[in-house]
Amino acid sequence: MIRRLRAPLIVAVAAVSLSACIGLGGKTPPFLLTLDADAAPAAGDARTAAEASTLTILIPTAPQKLRTTRIPVQQDGSSVAYVKDAQWVEAPSRLFQRLVSETVSARTSRVVLDEGQYLTAPGEQLAGQLMEFGVDARTNEAVVVYQAMLVAAGGKSVTQRRFEAREAIGAEVEAKPVGEALTRAANKVAGEVTGWLGGQ
Numbered sequence: 001m002i003r004r005l006r007a008p009l010i011v012a013v014a015a016v017s018l019s020a021c022i023g024l025g026g027k028t029p030p031f032l033l034t035l036d037a038d039a040a041p042a043a044g045d046a047r048t049a050a051e052a053s054t055l056t057i058l059i060p061t062a063p064q065k066l067r068t069t070r071i072p073v074q075q076d077g078s079s080v081a082y083v084k085d086a087q088w089v090e091a092p093s094r095l096f097q098r099l100v101s102e103t104v105s106a107r108t109s110r111v112v113l114d115e116g117q118y119l120t121a122p123g124e125q126l127a128g129q130l131m132e133f134g135v136d137a138r139t140n141e142a143v144v145v146y147q148a149m150l151v152a153a154g155g156k157s158v159t160q161r162r163f164e165a166r167e168a169i170g171a172e173v174e175a176k177p178v179g180e181a182l183t184r185a186a187n188k189v190a191g192e193v194t195g196w197l198g199g200q
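Going by the working numbering, 132 is the number at position 132 of the sequence shown; the sequence numbering is gapless.
What the hints contain is simulated information worked out from the structure, not anything from laboratory work. Relax, there's no trap hidden among the hints.
Taking CB as the label site, the calculated pair distances span:
(1) Pro30 / Gly155: 43 to 51 angstroms
(2) Gly154 / Asp85: 45 to 53 angstroms
(3) Ala137 / Thr69: 15 to 23 angstroms
(4) Leu32 / Lys65: 16 to 24 angstroms
For every residue, glycine included, the Cβ atom is placed at its ideal position computed from N, Cα and C.
My request is simple: use the sequences and hints to build the entire structure.
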């Protein structure tokens, strides 16, 4: 009797696992959001830098509410909801890191690397925390707050600076206008970070 039941049981478990993987019964968002850089490096633009002169831009850390592809809405000082049917193509910290990298590459002459590209010493490192990347329901604005930390080559010095940008969303807190407002705010922060790096 035990032998007869074993095979059907395995099939049933496999069926449950498969339905969990493909999300049967779950609602798929109508589209996925991403961040488009206002400035991007030109194709074929070759650059050379000594090892210590490169800039490695790291993926920022983020609080728990941003460790998801959903967009948080800060209702008040203690409660958070999420925008309905709004979802990023990947974690916002990774999207923001790529946006900053593209902006710095486009607007400066620096050789910009990410943490998976350097082989030995990474030169200067831009790290930090993406503290806010969502909606403030109290002001109906998209908010991006980035606490940047620039570490000199060899770790000889550390400089910190906080950047913040806000963009009005409009009457409805919906996926498309929220994504567009966050893109504008993220590009503002990326531009300010680039200007700051140029003055270092």
